[in-house]
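Peer 1: So you can see what is in the structure, the chains are spelled out below.
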Amino acid sequence: MSLERFAVICTSDFNLYNRWFSGEDITPVLEQRASLGFNSCRVWTAYRIDLIGDCDPHRPGFYASLPEFMETIAQYGLYAEITAFTGPYVYFPTQQAMIDHWNRLDDVLNGVTNLLDLEAINEWDNPPNFGVPLDQLRRPVGKLASHGSGAQDSPPTLPAWDVAGYRSPGSEWQRKVGHNAMEWADNLHCPVWTNEYPRTDNDPKPEHWFDGAASSVLLCAGAGCFHPPEGKNSTLFTNQTLVCASAFVQGAQSVPLEFQDGAYSRVEPNPPGILRIYRRTLSDGRFHEVRVRE
Amino acid sequence: MNYSFYIFPTPETATCVLRHDTGGWTLTATPAVHPSGRPGQVFTIPDATPQDNGAALLITAPKKVPIDLRGTLHVGAETYLKVDDFHLSTASVTLPRLVLNGDVLKQDVP
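Residue numbers (our numbering), protein chains in the order written: chain H, 1 to 294; chain A, 1 to 110.
Chain H on its own, in the form it takes in the complex (with noise of 0.2 Å):
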């Protein structure tokens, strides 16, 4: 047995289960995610929201089926998160249904090898999520799990279990998405990435992208969740969210793992057109430093 460092290179796939599910090829879809370079996909779980999908999970067979397309998608390399809610909620008229969703999901995501983590809510303070009982859940054992993330720059579901999601705000988001993700860790002392990036079509310049994810996986347990709008309904990549994928991945493979055992600074002063200079230095001297430009 030996551990082997990992950064999460994550993409938006909201509704990858619910296609596959619903006897749909995502067999496309899986081979340009792996080929781009990613190591996961986010996937949620119940839902009818435009421009997502309607992902009802009480048609039989359901959950049973979650550790099949598990495999499915292990066979292109890629892990999983798999989020229980996000509202607006349909298909759950109490709390009580809620909650055997979620004790569902739990029992039959054990023995999954290729779990990222199950989590328990999308930005539990956007007020869609108000009313789900989170206090009520129980903490999953023998799986990473997460209680959930905040809307932008709120907290993670608190208390935090084994990892936590974090989002941005919109100003100076490449440089936030792994800098405050890492204070949270910190924070929390435990896993944080930013499972859920602005959009490609808010920000469409590469740049950003590469130095995003570059400066995540230096400061913290990964690039975190690139996030098209493709990634919301599952389909292809296509124009721009190609060129911004490549330069995500790109800048998350740049950085050598073995840095981020190192001690964080900021260098100073930012040269014209940088943002911010992150450095981690190791024991022995050598250091590693991501410029995230403006």
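Simulated from the structure, these hints should not be mistaken for lab results.
The model shown is predicted, which means the values in this text are computed figures rather than measured ones.
From the three backbone atoms N, C-alpha and C, an ideal C-beta is built for every residue, glycine too.
You can take every hint at face value.
Computed footprint of chain A on chain H; a stretch qualifies when at least three of its residues, placed anywhere within it, have a C-beta under 8 Å from a C-beta of chain A:
no.	segment
1	5–14
2	66–75
3	185–193
4	219–233
Based on the hints, put chain A in the right spot on chain H.
Peer 2: Chain A in isolation, oriented as in the chain H frame:
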């Protein structure tokens, strides 16, 4: 007179099953040493087996992707399977479980 059909799987302990389309038999190979001295496995093909008819060969072993082949089986002084169907088996991929390591994750590689 039976015919000997030698194969040389790796690992040598792999389970090798040969099914003949028209001969009505399915055989499992047994450990054997080829007259050349090379260790492998042998199928003992029944004497009445029709010449150059279809046969399927499946080779499996723990933690290995199966090999699934089809062809025509020639019997005689030199017995061989002329393969023309190559079926790729689905690999069962198990990714290493992720574990906590301070503020980062690591793969727990067996």
